[in-house]
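Trainee: If you're matching positions, the sequence shown starts at 1 in my numbering and goes up one per residue.
Honestly, the hints are just simulated from the structure, not real lab data.
Hints are supplied without guarantee of correctness; some may be wrong.
Using C-beta positions, here's what the derived DEER-type ranges look like [to be verified]: (1) T110 to E51: 33 to 41 Å; (2) A82 to Y11: 28 to 36 Å; (3) S80 to R207: 42 to 50 Å; (4) S80 to P151: 20 to 28 Å.
Backbone N, C-alpha and C fix where the C-beta goes; we use that ideal spot for every residue, glycine too.
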Amino acid sequence: MIEVTDLTIGYDDTVVLEHLDFKVADGDVFAILGGSGSGKSTLLRHLIGLEQPMGGTIRVRNAPPRPESGAPPYGVLFQSGALFGSMTLFDNVALPLRKWTELDRRAIDTIVRSKLRLVGLEGFEHHLPAEISGGMKKRAGIARALALDAPLLFLDEPSAGLDPVTSVELDQLIATLNHSLRMTTVIVTHELASIFTIANDCIMVDRGARGIIARGNPAALRDGSDDPRVRAFFNRRPHAA
């Protein structure tokens, strides 16, 4: 689904991560891991085309040659949910359908209601984002990301700011959607509970190393990595320990 080759990313003249090589297979829940400030979200912004790399290539299956030339082959849940506050949940989810399709109002109505039902928000179509909880905002963001039935979903820190119970419920939703819709999911997170619950493959990036320091199944890395930075992360210990 995604192939990254010799990728170098950063801002202005500052390199954040360099010489990244990895692939994301169809159907995987692939996690991008690392500590705060390690470059996880920066990498995500490059994968979805919001930033241009300093070097190397990113190939996403079925991506249009230019971002503005067609509907993207993926949906995105940004860290805050990124819902438009003046628009109802219905209109937030309908937005990509209105932009990228020529469907009539009845078809859009049917799709929007089905996506909200899929994430457990049936009956909240006419609520504004300010009128719902943080977990519901994340669910609404996922519904919008699913609106175009893209085969690839990007999630940026989906559990950020949520209480433990809501986080578990969101993890369960993500796992269910990945399985039932046969999607590929790329998730940026540092939440260990989420990682072990839903991810079957991952990379771990490190700002000091400016690159990938681990790759593989999260549980296998936790139990078998020889790198003290990786063991410290997965076992919630200070690196110095």
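Trainee: Checking each numbered hint in turn, tell me which of them this model violates, lowest number first.
Mentor: 2 and 3
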